[in-house]
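J.: Each chain, letter by letter, is given below.
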Amino acid sequence: MSEQFEPKITAFVCNWCTYAGADLTGTSRMKYAPNVRLVRTPCTGRIDFMLVLEAFRQGADGVIVSGCHPGDCHYTSGNYHARRRWMVFRSLLEFMGFDASRIRFTWVSAAEGAKWAEVVNSAVAEIRAAGPFTEYRRMAGALPPPGEI
Amino acid sequence: MATMIETAKELLQLGTVAVVVGYEKGSGTRRRALFLRAADQVDRLVLDERCAQNLAVYLSKAEVKELGRPAIVATVATLRSILQLASEKQFVEGQAVFIAIGQSGDARVLSKLSEIEEFVRSGSSVGGEKSDLEVGPTEIQALPRAQRWEFWQDELSKCIRCYACRASCPLCYCKECLVECNRPQWIPVGAHREGNLYWHVSRAMHLAGRCIGCGSCSEACPVGIPLYLLNAQVAESVSTQFGHVAGLKADATYPLSAFRPEDRESFIK
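As they're listed, the protein sequences go chains B and P.
Residue numbering for the first sequence follows my numbering, starting at 1 and increasing by one per position.
Residue numbering for the second sequence follows my numbering, starting at 1 and increasing by one per position.
What the hints contain is simulated information worked out from the structure, not anything from laboratory work.
Be careful, since some hints might not be right.
[What the hints assert, rightly or not] SDA-like cross-link-like pairs, simulated, lysine to any residue; straight-line CA separation at most 20 angstroms:
(1) K269/P with E135/B
(2) K269/P with R137/B
(3) K65/P with G123/P
(4) K269/P with P70/B
(5) K269/P with L38/B
(6) K8/B with A140/B
(7) K269/P with C43/B
(8) K25/P with G45/B
(9) K8/B with S109/B
(10) K158/P with N35/B
(11) K112/P with K269/P
(12) K269/P with Q58/B
(13) K269/P with S109/B
(14) K269/P with A140/B
Since we're looking at a predicted model, the values are computed, not measured.
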């Protein structure tokens, strides 16, 4: 019997929008993939790029970063600052050949419980299709190089 | 070239500065930094295209500060670092003077930030620029993703984590670097691929919108990793997305602590 691969996904979400949105998903009794582990931060502006790398180091196959829509930040501008940071960070990772499709950025408001379920489900489906993040684990020395398996 | 030596001599004789920071002959064909305090030794100064080090780095080093007010032999790259440092409140006007080298090799003494800005705008210099890049970021961008990954894996696996890149960089002036923080340990300290990736990603990110592209880090790297490529990529991404080029103005704002509501990206859904 072949078991389906269940990816581990870490989500960094802001307290005011996406965390509340994810709460709404639950209170609305919407079911979504259980592969995601939420890490609540005060604001997307708090999400250092090192947190994203750390998630991969801890064995994540994918990362979701989500916060308030532009213009909706509880602290007025945290998400705008975060957006600039991601614009630079993502282009750097792509330049280094890092599989940037394993990191997804979304805006999910406190009212978008259904969108959160959709975000998680599609991330899980796509990362499941992509398979475990073996490229990273090989680099980290947790897996032998391709020829030696 | 004679004028640089004459200028240095005059500055030391008049007591305008206590030390002249320039270049002298090093081992083999290399050039190394010279800290000159006696006016009768100015003939040791040299200047040619092999003088690749950015001497602005010494402004933040305690042992150089001890020597007194310096005059620094400066190319456009060095002066751009100074403007960047000034915009970060790390350089105060008058703290040092600069022997700026013009296109024809003539030397001019600059001390005001407005003069430095003007000199940088006119873009005249000799040596010290990373203009003869073997590969540019565009060559790497053109590769398929898997090959880019392979390329950087090969390059970064050479890293021995000596932090020469950090030591050679005028903009890496933090008293305590992220890599020395161990509670929590953000960056693995071992010279293995994972730790090396973390270190170089962090360094490039922390220099985003600040690196002026002098290429001193690549020059200092004992194993020859083309580090300038990472910084050039980030600088390109900052300039195309936010229209900011580092080290042109002494009162510039840091692009990653600013924003425009109309910033555009295509990947946030």
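J.: Taking the hints in turn, state whether each one holds.
T.: Results of checking the hints against the structure:
1. The straight-line distance between the Cα atoms of K269/P and E135/B is roughly 25 angstroms, outside the 20 angstroms bound, and the hint therefore fails.
2. As the CA atoms of K269/P and R137/B are separated by approximately 28 angstroms, the hinted pair breaks the 20 angstroms bound.
3. Proximity of K65/P to G123/P is assessed by CA-CA distance (about 28 angstroms); at most 20 angstroms being required, the pair is judged violated.
4. Between the alpha carbons of K269/P and P70/B the distance comes to roughly 12 angstroms, so the proposed pair stays at or under 20 angstroms and holds.
5. A threshold of 20 angstroms between alpha carbons decides the hint, and for K269/P with L38/B the separation of about 18 angstroms falls inside it, so the pair holds.
6. The straight-line distance between the Cα atoms of K8/B and A140/B is roughly 17 angstroms, inside the 20 angstroms bound, and the hint therefore holds.
7. Taking the CA atoms of K269/P and C43/B, the gap is near 18 angstroms; set against the 20 angstroms cutoff, the hint holds.
8. Note on K25/P and G45/B: the hinted pairing is violated, with a Cα-Cα distance of about 48 angstroms set against a maximum of 20 angstroms.
9. Taking the CA atoms of K8/B and S109/B, the gap is about 23 angstroms. The hint is violated against a cut of 20 angstroms.
10. For the given pair, K158/P sits about 36 angstroms from N35/B by alpha-carbon distance, which is inconsistent with the 20 angstroms threshold.
11. A hinted pair counts as satisfied when its Cα atoms are at most 20 angstroms apart, and K112/P with K269/P does not qualify at roughly 47 angstroms.
12. Simply put, K269/P and Q58/B have alpha-carbon atoms about 25 angstroms apart, too far for the 20 angstroms limit, and the pair is violated.
13. Restraint check: the Cα-Cα separation between K269/P and S109/B comes to about 12 angstroms, which is no more than 20 angstroms; the hinted pair holds.
14. For the hint pairing K269/P with A140/B, the CA-to-CA distance comes to about 30 angstroms; that exceeds 20 angstroms, so the pair is violated.
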